[in-house]
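Starting from the known structure of chain A, fit chains B, C and D onto it as the hints suggest.
Protein chains: 4
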Amino acid sequence: MSEKRAPLGIGVVGCGYWGPNLIRNFHQLRGSRVVQLADLDEKRLNHMEELYPEVQTTTDYEQLVQNDEIDAVVVATPVDRHAEVGLAALQAGKHVLVEKPMTRTSEEARRLIDEAKKRDRVLMVGHVFEFTESVRKCKSILDDGTLGDLYYINSQRLNLGLFRNDVNVIWDLAPHDFSILLNLLGGKRPRGVRAIGASHINPQVEDVATMTLDFDGGLVAFVQVSWLDPKKVRQTVLVGSKKMLIYNDIEPTEKLWLYDRSVEGPAEYETYAQFPYTYRYGDITVPRIGGAEPLRTEAQHFLDCINSGKTPLTDGHSGLRVVEVLESTDRSLSEGGARIELPA
Amino acid sequence: MSEKRAPLGIGVVGCGYWGPNLIRNFHQLRGSRVVQLADLDEKRLNHMEELYPEVQTTTDYEQLVQNDEIDAVVVATPVDRHAEVGLAALQAGKHVLVEKPMTRTSEEARRLIDEAKKRDRVLMVGHVFEFTESVRKCKSILDDGTLGDLYYINSQRLNLGLFRNDVNVIWDLAPHDFSILLNLLGGKRPRGVRAIGASHINPQVEDVATMTLDFDGGLVAFVQVSWLDPKKVRQTVLVGSKKMLIYNDIEPTEKLWLYDRSVEGPAEYETYAQFPYTYRYGDITVPRIGGAEPLRTEAQHFLDCINSGKTPLTDGHSGLRVVEVLESTDRSLSEGGARIELPA
Amino acid sequence: MSEKRAPLGIGVVGCGYWGPNLIRNFHQLRGSRVVQLADLDEKRLNHMEELYPEVQTTTDYEQLVQNDEIDAVVVATPVDRHAEVGLAALQAGKHVLVEKPMTRTSEEARRLIDEAKKRDRVLMVGHVFEFTESVRKCKSILDDGTLGDLYYINSQRLNLGLFRNDVNVIWDLAPHDFSILLNLLGGKRPRGVRAIGASHINPQVEDVATMTLDFDGGLVAFVQVSWLDPKKVRQTVLVGSKKMLIYNDIEPTEKLWLYDRSVEGPAEYETYAQFPYTYRYGDITVPRIGGAEPLRTEAQHFLDCINSGKTPLTDGHSGLRVVEVLESTDRSLSEGGARIELPA
Amino acid sequence: MSEKRAPLGIGVVGCGYWGPNLIRNFHQLRGSRVVQLADLDEKRLNHMEELYPEVQTTTDYEQLVQNDEIDAVVVATPVDRHAEVGLAALQAGKHVLVEKPMTRTSEEARRLIDEAKKRDRVLMVGHVFEFTESVRKCKSILDDGTLGDLYYINSQRLNLGLFRNDVNVIWDLAPHDFSILLNLLGGKRPRGVRAIGASHINPQVEDVATMTLDFDGGLVAFVQVSWLDPKKVRQTVLVGSKKMLIYNDIEPTEKLWLYDRSVEGPAEYETYAQFPYTYRYGDITVPRIGGAEPLRTEAQHFLDCINSGKTPLTDGHSGLRVVEVLESTDRSLSEGGARIELPA
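As they're listed, the protein sequences go chains A, B, C and D.
Heads up: the first sequence begins at 0 in numbering that gives the first Met the number 0, then just goes up one per residue.
Heads up: the second sequence begins at 0 in numbering that gives the first Met the number 0, then just goes up one per residue.
Heads up: the third sequence begins at 0 in numbering that gives the first Met the number 0, then just goes up one per residue.
Heads up: the fourth sequence begins at 0 in numbering that gives the first Met the number 0, then just goes up one per residue.
By construction, these hints were calculated from the structure, which means they are not laboratory data.
Keep in mind it's a predicted model, so treat the numbers as computed, not measured.
Zero decoy hints are in this set.
Listed below are the simulated DSSO-like cross-link pairs for lysine-lysine, each with C-alpha atoms no more than 27 Å apart in a straight line:
id: 1; chain 1: A; residue 1: Lys138; chain 2: A; residue 2: Lys241
id: 2; chain 1: B; residue 1: Lys241; chain 2: B; residue 2: Lys187
id: 3; chain 1: A; residue 1: Lys230; chain 2: B; residue 2: Lys136
id: 4; chain 1: C; residue 1: Lys117; chain 2: C; residue 2: Lys309
id: 5; chain 1: A; residue 1: Lys230; chain 2: B; residue 2: Lys241
id: 6; chain 1: C; residue 1: Lys136; chain 2: A; residue 2: Lys230
id: 7; chain 1: C; residue 1: Lys230; chain 2: B; residue 2: Lys231
id: 8; chain 1: D; residue 1: Lys231; chain 2: C; residue 2: Lys241
id: 9; chain 1: D; residue 1: Lys136; chain 2: B; residue 2: Lys230
id: 10; chain 1: A; residue 1: Lys241; chain 2: B; residue 2: Lys230
id: 11; chain 1: B; residue 1: Lys138; chain 2: A; residue 2: Lys230
id: 12; chain 1: C; residue 1: Lys230; chain 2: D; residue 2: Lys230
id: 13; chain 1: C; residue 1: Lys136; chain 2: C; residue 2: Lys241
id: 14; chain 1: C; residue 1: Lys230; chain 2: D; residue 2: Lys138
id: 15; chain 1: B; residue 1: Lys138; chain 2: A; residue 2: Lys231
id: 16; chain 1: A; residue 1: Lys230; chain 2: D; residue 2: Lys231
id: 17; chain 1: D; residue 1: Lys136; chain 2: D; residue 2: Lys230
id: 18; chain 1: D; residue 1: Lys230; chain 2: B; residue 2: Lys136
So that you can see chain A by itself, here it is in the shape it has in the complex (with noise of 0.2 Å):
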């Protein structure tokens, strides 16, 4: 990154929960200049204008789009309004960085990234998971083979409150599950998905669910979320042929535990008549994570893409991703926890 490059110049839409920690971090960040903010509620711009007397704020998300100062746009907005809000952005020829779940509709997705490559612009997508140390380090060691063959993944995304009433909890919390699952995995999707909800607190929106997730060659993954659940839960446990690992983000330092432990069967030959099952049992290791903010490693990934021109690690199609398995979430709960096959 060069030095002596003028700071690119960022506009923020939307300032609601996740917009002020990005605002935070594209200030922070020398690379950047927050320009201007836009929200609909004035309030909120005002708390912002206290914080930054510098930046520019606007309830019209069209104005921040033709501001000329600006060079990229981030949206912070409700879901509903990420395609509208990106392609704006795009077609005022502005670089992008579209929070989690990236759109409603993978239709809607797709044309963003559409629109993005005919502009040649950056389109990424803010799974912030994907920039943490800690899925970094799990992503290295599914990818040296460290655990053998994967057997089956178990996420669980469980909280108290939060609630919301534009989505339900699948696209609350699940959206972190999947893009972790997804980059783990390198892009492979899920050839099916089932989803099981319950709605307690509001009738028309599932705040308890479970989902199974299928993949080529027997891959299993189980996802587990809730708004409605005592202890915070945020866990995913990689089960493999040769060693397991817990990546547990509730644990301050200690996130990844590495079981050197495995199960093995007869050989294939035999009847199973028997028990002679191999049980390894050996250490435990807890890698060093360090403890940067994912936030600020997201938002410097996006100002060096639009220096480079390289593509996002969390780009339009791996935000496509997402949304078509939440997409089936919605269909398989609406029939009743039917598994929907995903298009290929």
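Chains B, C and D alone, transformed into the frame defined by chain A:
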């Protein structure tokens, strides 16, 4: 319990994994005397003879069943033999304690129930978790309305090892979850059962599975079992409208966590368009749980029922209900996770 | 707090480890405005200028102290300069918030107290833990008699790293324990102090130490501090005759554990020859603790005291008491762990 | 161990808290046969007779000591009787396993050592923790230099309950810590011992205490024991120049945590005026520890030593070293925490 009564004579069929624990407990209780043990494996019998020199042994369970000194037979064989041995014992006029799961089919379970009724013998199923102080305390918390309306239950029983060839992981581990669940719900049966499993070690035997049980009134129970998880988990979470309860059986003493937490949605006539949810975060209470060995409590309960003629807490009908759910998981597995309705 | 009042002008001397946190908080509070920062290191000042473009900076703290726009000076230098800078600020008519430990000697602390009294300025010490909701809750539990008579207190603050050369581990970490202790005990001072330490990395600076404080009435407090422990520990255990309380500051939310446990000995006239002890094991309660940032509460309290003229919770006398205990540990260390009596 | 050898005859004196565990183990081992039990309390003897109908009992230990069928005597009485009973057994030509602490005074311990030497009998002390796989693994980690130079050891054994009137909390709990420590250090004895205690329940018996042991070469060991702590703690932390090790005996399986962490100070000729410390934070390793019952290992070791004539791991000298440290704590307590030098 009268002190003068002669100790009841006990015969135990099956001296494998669980049998020795039963033998030890009936040996130590004052109200019983272990008279005879049966097993097909003479080595096991020899080992038992060393520990209990005064006890008779046989490789032929029918001989045990006819032993006049024996009042009650404990069936701790593999599940496939439960019905046969239990029936023979009942027909010989013995009381019967049969290990869980009660039988391989609900038809077998019904046959045992009928025979016990006809002979007026005690028939009890070894759902040992129902005799823990933890489950009893859970039940009293539920029964006094502390949790409000139950929203959902989330149960996990994960483990590395103890692979079996005669049954899959559901039949091996989920009887615990099902018996706990049905006990807590006061015998309420699920309306529908869904099960999805996968086999990684032995292609004919599922080693990981996730299940969903739905009940009248919107209650859902998620149950997950695995023989392949790196970390032992035995946990049941009960989420109610007023409070939430975690029963973590791995903790040595602090097993129950009662969370004074809840979420309230907007009044029903509102549009849900806004965010009017109320979260209540209160104290956590960890009730004191005594440390009695549940198997001893179970064994004592069996003796008490024989002496008093009262119906066991875990009688044949309780065993049957668990077997019915297990049967339904088999059907659901074979129908690709379809929802199986239980017979009314 | 009047809304119309102009924000108080704040100057901060020292932009090292802790200073930036203070700056951030006074920047965000509505009742204050950060006017000027002083540090000997220009790089740090440059970094602060980037974050707060509107703030003046200087390498000469005397200039800051004379700045007419400044009402109050925050002293966040190394402890050796606390007295000098604090005194200069008070003499210039400024209110003073000085970091902990207040000064290097009790004589210096008394000089600050006298000067503040003479000038009628607020003098407050940054004992930040006294502003946590956890310590406040502990204090209310103690004050309402829940624990009964206090038997002993066991405090540990263990850590890897943050070695310093200007002070030993006691002066670095134990001010937290001492200020918490003395706060909880309502300002009660220890009668005697013993300290044993050892130096492993820098032979002139103790990096691990254990201390015993004895109070009137038989209460004992054990305090252990280390820069060399593999696992971070920040825990205070309060054992009373009726209940026991653990304050574990490492836990993100469940910081306080109130144990309904106690031991009762035999009546006093008995011979103690037998075993007539009674153990009571009851429930554990984990009270809900809010998550307010204590430094913000502290900063707000400082502003409130300036505006209202009331005496700070952590006033100069509170700072002095902590310094007296620290001085005693120095003497005890140099006398091989001898008990040092505190001046009455 | 020869299979043909007749089992050794074992007599156990003392059937209180710990005795029954020893009886059970010697009963189960093939190399031994429990011949006779002695206790002053007939109720205890009756209970033992129920569990082990083939075993003789007596209220007169001298009768047991003279029993010809007995080869070895296990002394599990209160510590005040250890010397008397042990001596009588040795004089009767029996091998002796005496519980910890070995005796009430070092003089008594020496008398036992002398008698055993004179009679050429095995004298072993029941330092059971030295037979755990955890302590053995700790020792092998220390011995192979993994930790580098040992800086300090921090040991805590905290508990609620099990109050005793015959000994204080140091004599009750610290023998474990001292035997572990001295084992890990290969028999190295401390040079000085300091102890500070307090009595809250029984004014004549300390129920909480903190001790400091100093060794040649700058190593320090802190040991804290309590009968009054709400939460059970059994932990030993070993801090070395290269790595650090936590031995947490409360954890059911993950007892040892090896931290690849260290601090390096500036080179010695520097002035320490700056901050040139280097912190190294690496992985954590949790070695696999097997689950053998240590008391069984201890009992087997006793039998092996009798059969082979080899010196026990925990011989009389090992018991004496622990008693010497205990005696020093008594002196230090009575001298207000003064450092007591151990005899060379």
